[in-house]
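Enquirer: Chains as they are written, first to last, in my numbering: chain X, 1 to 322; chain F, 323 to 644; chain P, 645 to 982; chain V, 983 to 1320.
Treat the hints as calculated values from the structure; they're not laboratory data. Note that the coordinates shown come from a computational prediction; the quantities given were computed from them, not determined experimentally. Some hints here could point you the wrong way.
Here are the simulated DMTMM-like pairs of lysine to aspartate or glutamate, each with C-alpha atoms no more than 20 Å apart in a straight line [unchecked claim]: (1) Lys1158(V) - Asp845(P); (2) Lys968(P) - Glu310(X); (3) Lys820(P) - Glu911(P).
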Amino acid sequence: MPVTYIDAIRDAQYKALEEDERVFLYGQDIGKFGGAFKATKGLQDKWPDRVMDAPISEDAMVGMAIGAAIEGMRPVVEMQFADFSSVGFNQIVNNAATHFYRTGIPVPITVRMPSGGTPGSGPFHSQSIETLYAHYPGCIVLTPATVSDAYHMLLEGISMDDPVIYCEHKLLYRWLKSDNYDGDGLPIGKARITRSGKHATVVAYSAMVHEAVRAAEILKAEGGWEIEVVDLRSVKPLDTDTVMASVARTGRLLAVGEAFPWGGVTAEIVSRITAEGFHLLDAPPMRLNAKDSPIPYHPKLWAAHRPTPESICHALKKLLNY
Amino acid sequence: MPVTYIDAIRDAQYKALEEDERVFLYGQDIGKFGGAFKATKGLQDKWPDRVMDAPISEDAMVGMAIGAAIEGMRPVVEMQFADFSSVGFNQIVNNAATHFYRTGIPVPITVRMPSGGTPGSGPFHSQSIETLYAHYPGCIVLTPATVSDAYHMLLEGISMDDPVIYCEHKLLYRWLKSDNYDGDGLPIGKARITRSGKHATVVAYSAMVHEAVRAAEILKAEGGWEIEVVDLRSVKPLDTDTVMASVARTGRLLAVGEAFPWGGVTAEIVSRITAEGFHLLDAPPMRLNAKDSPIPYHPKLWAAHRPTPESICHALKKLLNY
Amino acid sequence: MVVDQTRDTMETSKEQARKVYHAMVRARILEAKFSSLYKAGQIVGGVYLGKGQEAVSASLGANLEWGQDIFAPLIRDQAGRTAFGEDMLDATRTYLGSVKGPMKGRDGNIHRGRPQEGLLAMISHLGTSVSVLGGMLKARQLRGTLGTSVGATCVGDGATSTGSFHEGLNYVAVEKLPVVVVVADNQFAYSTPNNKQFACDDLVDRAKGYGVPGHSVDGTDFLACVETMTAATEAARRGEGPQMVVAKLLRLGGHGEHDDGSYVPEELKGSRYGRDCMEVGKAQMIEKGWLTEEELKQWQDDAKVEVQTAVTTAQKEDAPDPYKESWTALSRGSFREW
Amino acid sequence: MVVDQTRDTMETSKEQARKVYHAMVRARILEAKFSSLYKAGQIVGGVYLGKGQEAVSASLGANLEWGQDIFAPLIRDQAGRTAFGEDMLDATRTYLGSVKGPMKGRDGNIHRGRPQEGLLAMISHLGTSVSVLGGMLKARQLRGTLGTSVGATCVGDGATSTGSFHEGLNYVAVEKLPVVVVVADNQFAYSTPNNKQFACDDLVDRAKGYGVPGHSVDGTDFLACVETMTAATEAARRGEGPQMVVAKLLRLGGHGEHDDGSYVPEELKGSRYGRDCMEVGKAQMIEKGWLTEEELKQWQDDAKVEVQTAVTTAQKEDAPDPYKESWTALSRGSFREW
Ligand SMILES: Cc1ncc(C[n+]2csc(CCOP(=O)(O)OP(=O)(O)O)c2C)c(N)n1
Ligand SMILES: Cc1ncc(C[n+]2csc(CCOP(=O)(O)OP(=O)(O)O)c2C)c(N)n1
Ligand SMILES: [Mg+2]
Ligand SMILES: [Mg+2]
C-alpha cells in the first residue's frame, strides 16, 4: 500500500504521540474531525486528551504551546492554513523564538504550516511564508519535499528543543506517493542531491523540487542537458556546503522558490554562494520565484504566478547560454 | 535653528494635515501627549479631530486605517514601536497590501514604524523589520536616512495611493540635525550617492548610511581608500540601477543593514547585482547585517549586535583585499 | 390616528418582510446552483453556503441601502448580499472565475465585494472586517458625510474568538460608530462546537463588556429576525452606537460543499435551531397573508431564470489571461519590479 | 468551636496581610532606588514603577507559592514579584545589566523571569502572557501534576484592548484552567484615558462574556485587596476556573521614570483612587493591631539594607562581554549560521 505525503504527516504525529508522552497536538478542528486536511485523522480516538481542538485564536494557540513547552511538553500546533499564522506571528517570532536567548529555557514547539498554492485557493489559502520565520532569529524552518522527509523531518523536528516551523506543501498532500517511509537518513541541516547533473545546479525546496526535476527532465530530453537538483530540505539552517559543492561541479546556479520574490530563500542562497563561491561561478547566479502580487484565485492565473517546469526551463536556458 | 530627524517627521505630518484634508493621524498616545517620541507634538491642538488616540489594538488600528483609506482618506498610523506592528502585521500584509490587486481600489495608508536599536531598548523595542513588509507584495517601504529625506519622503509617501511602510530610525531622532529640510528633490524609488568613491560600493539605508560613511572616513584616513556610499532611501522599490552604476565604477559591493541576517534587504541587493551585474564585479559581493539573535538589552551587547564603523571597515578590507 | 399608525407600521413590516423573504428565495436558489456547479466540477476552490442562515443575513442586508450604507458580509451572507443589492452576476462571475467579475478572477467565491459602493471584499482572516468597517464610517464622520448611514457586518461564533474581532468591536464601541455587528451563532465553527470555542452561556453576554446593547434572536424565526435586525439597525442609525445581535441557529449543511457536516449531532438537527428559516418564514408570511403560494412560486421561477441567465452569461465569459495580467499589487505600475 | 475558627481565620488574615504589606514595603523601597539610579544615569533603558499599585500586585503574589504556582507579572508588579518570592538581586542585576542576572544582560528591567521556577519572563507585547500561562497549566493538567497549583497574571486597562488578551482569556475560560487574571485599571494606558480605551462602564463587565466570575476591588484599599485576591485565588485553586479581578486605582507617577504623567488630571489624583495604598494599608494594619510603627520602621530599615546590598553586589558584577556572547537564538549551537 503506497503512502502519501499527508499520510506521512499523520503517521509521524502518530508515532510521536506514541513514543513521547510529552507530545500533544493542538489546532482548529484537529480532534474528532481530523483536521481540514485529515492530517490528524483518528488520533484523538486513540489519545483523547492529547489531541485538542482550539478556538479560532492563532495567537493564543501559539501562546498556549509556548507555555506548555516551557513546562517540558512538546506541542505540535496545526495552523489550518499557513496564511493564518500571520495572526499567531507575534507569539512565534517574538515569544517562542526569543525565549531561549532571553531566559536559557528552550521552547520546543512545532508549528505545522499547510503551505503553498493549489488551484482555486486564492490569496489567503496559498502562501509560502517560510521567509518570515527564517528571517527572525530563533526558529528552525523545515520544508520537506518528499514523503519520507515529511515523515522523518516532522519526527526529528518534534524532538528538537528549538521552535520548529514545519512547512508542508498542500499540493503534495495526496499527489505525492511512496512505497514506504524509508529514507536516506539525512539529518535536518543537510540538503540532498535529488538528481545529479553537471551543467547547472537548481536549488529548490518543498514542491518546487518536483517542478525542478520536471524541468531537468525536459532539458535532458530536449538537449541532453544534465541539470543537478538540490533539495534544501530545511531553509534554516540552510546547507550552504551541499549547494556549494554542487555549484563547484556545475558552475551555474538557479535558485527556485514558490514564495514572493523580494528577499527570502532564493536571495539568501544566491548571496551565500556568491560570497563564498564566487570563483566557482561560470555565469551569474539566478533566481526564480513567484510573482510579486497576491496569489490569484483563478487556476490559470495561479499556474502562471508560481514557477513551472516551463519557466524553470526558460531560466535554465538563459543560464546555460550565458 | 537646526531641525532634527524627529522634527522632520513632525513637520511633515503638520504639512500633510494642513495641505490635504484627507490626511489624519492615528496611534497610541499621539494626541494631547504628542506620541512616545513626540512626533505629533502639538498637532492635536491644531487639528483636534484629525489627530486621534487609539486603544492598544494594532490590528484594529490598521484595519480602521484601511477602511478610512477605502473611503478616500489618507490615514497615517503611528506604531508606538515598529516591533509592535507584528500585531498589526496581518491587516497590513493581507488586507491593505492585497486590496488594490483584489478589488482595484487602492489603500493609501502610511504606517510609521519607529525602528532600529538604541542602547538599552532590548529585544522588543529595537527591531528593523522592513523585510517583512517588503517580502509581501503590495507595500512601498521607505527607509529615510537624512533629515531632508525624513521630511520629503513622508510627505511623498502620504501622497501615494499604495500602502506605505515608513521606517524611521529612533537613533536618528534627535541626533541627526540639519539646517533645513531642503533636499535634492530625489523622488521615492531613487537611491542617492551619499559619498562618492571608486574602490568599493557600500549600499546601506536608514541609520546604517551614517555608519557606512564613518567607515568610509576611517578607510580614507587609514589608507586613502575611496569608498562610495549609496543610500537606498527605499528598500521597495529598490533602485537597482543606481547601485549597479556604482558597482560598475567600483567593481566591489558590500551591502549593509541593521536587520537580522537571514534574507532581507542585503540579500536582495546582492542577488540583483549579481544577476545583472556579474561581469562588473571584481570581488564577491558581501553582506553585513546584525547578528542572528534577538537584539540584546545591554548597551555593550547591543553595540556588537549591529554593524558598526569598525565591523564595516573590517568587511571592506576583506573586500578590498580580495 | 392610532389605528392609522399601526396600519402604516404593519405596511412597513409587510414590505420589509417581503423584501427580506424575496432575497432569501433568490439567494437559496442561487446557492443551490453553486452547489451543483461545484459538484459538477465547474467551480474550483471552495463553495460556502448560507443555507439555513438566510433569515439572519437577509434581514440585516435588507436594512441597508446600497450606495449609502456599508455591508461587510462573511462566509454565509449570500442572502444578505442579495438583500443589500449585490448583483447576482457578481457572485456568479466570481465563483466561475470570469474576468468580468468584480475580482477579475484574482479572488474567488465569498471574497468578492465592491468596496467603493459599500460592499466590502472580505479577506479570509476572520474578525478583520469589524475595524475596517469602523474606519469607513469614521472617515465619513471626519468628512461630515456620515449622515444617517450605518455599517453592518456578520461573523460566526468561531470568529468571536479572534483577537481581531475583539479589537474591532472595542474600537467601534469606543468611537460610538453606527455599526451593527451580527453574530450568527450556528453552534459550530467548521467542526468545532461552541463548548470548545467559548465558555459564556450566550455570546450576547459579551455585549455589555464592550459597552454596547445586545440583542438576541432565534435565527430560524424569520419574522423575529426581520424585527430584531430592523430594531438594531435603526438604533445604530439613530446614533445609539454599535449594536450587537446574536442569532442562534444551525448551518443546514457542511462548512463548505466539500464537507458533509456529519459531526453535527442528530438531536441538534432535530432541535428548534435545526429548523429551516425558509420554511418557518414561508409559514409566517402565508399566515400573515403577506405572501401567497402563487407569488412564492413566481418568485422562485423568476429566481431560477435569473440564476440561469447569470450562470449562462458568466460561463460564456473569458477567464483571466495570464499574459494580460498586470502582475503587480501596486496601483503605481511604474514601481513594479518583476 | 466557632470562636476558635474565627480566631484561626483572623490569624490567617493577619499573617497574610503582614506578608503582603511586608512585600509592599520592600518593593516600594527597591523601586525608589531604581528610580534614583535611573535619574543618576546608572540604569539604561526604561524604568517602570508599580508605585501606587503595590497592594493589588502584592496581594496577588502573596497568594502564590514559589515552586508550585505560576506568576506572569507585567509592568507594575515589583510588589507581586517580591511577595511571590523573586530575589531582589534578580531585579537589581537585570536593571543594572549584570551578566549574573537571570537574563544575563540580554533582556532588561521588567522583562526578567525564571520561567521554570514559575515566574514568566514577559515579552513587551501586551496581552501575550495569558495564553502562555494557560499553556503551562494545561501542560501540568495533561501530565497529572497540576494538583492545586494556580497561575496568575496582571495586565493593565490598556492591555485589555489587545487581541492577544482576548484570545488568551477566552482560551483559559474554555479550558476552565485555574487562573487569576487581574486587571489593574489605573485609568490610563501610558497617556491614554479609559474613555479612549474601552466603552463599558467597568472592565469587570467583561467577565461574564468570558464565562468567568468577576471580582471588583478598590485597588487602593489594602485590606480589600488582600481579601479579594485571596478569595479569587482560592476559588481558582478549588477548581472553579478562571477568575477575573478588576482593581481600580491610579499610577502614582508617570508611565515610566522618563514621564512625569502630567496628563493625569488633578481631580483624579485627589480622588479616592489617587490614595497611596501604602498609606491606606499602614493605617489599616495599625488600626487592626497587625503591625506597629516600630515593626514597620524595622521592615523599612531592613529593606533599605537589603536593597543597598543588592545594588552594591550587582554594581560590582561584570557586564556581559560581547566576545563571550553566544550570538545565537537557538539552543542547538551547531545550527548557528553566523
Ligand atoms: C484567523 C483565521 N483562522 C482560521 C480560519 C479558517 N476558518 C475559515 S472558516 C472557519 C470556521 C468559522 O466558524 P464561524 O466563525 O463560526 O463561522 P461559520 O463557518 O460557522 O459560519 C475557520 C476556522 C480563518 N478563516 N481565519
Ligand atoms: C501590543 C503593544 N502595543 C503597544 C505597546 C506599548 N506600550 C507599552 S506599555 C503601554 C501602556 C499600557 O497601559 P496599561 O495596559 O493600562 O498598563 P499600565 O501601564 O497602565 O500599567 C503601551 C501602549 C505594547 N507594549 N504592546
Ligand atoms: Mg459558526
Ligand atoms: Mg493602565
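Enquirer: When you check the alpha-carbon spacing of Lys968(P) and Glu310(X), does it fall within 20 Å?
Expert: Distance of about 18 Å is within 20 Å: holds.
Enquirer: With the threshold set at 20 Å, check whether the alpha-carbon distance from Lys820(P) to Glu911(P) stays at or below it.
Expert: The given pair, whose Cα atoms are some 41 Å apart, is violated under the 20 Å limit.
Enquirer: Regarding the pair Lys1158(V) and Asp845(P), is the alpha-carbon distance no greater than 20 Å?
Expert: Measuring from Cα to Cα gives roughly 14 Å; hence the hint holds.
The structure shown violates just one earlier hint, number 3.
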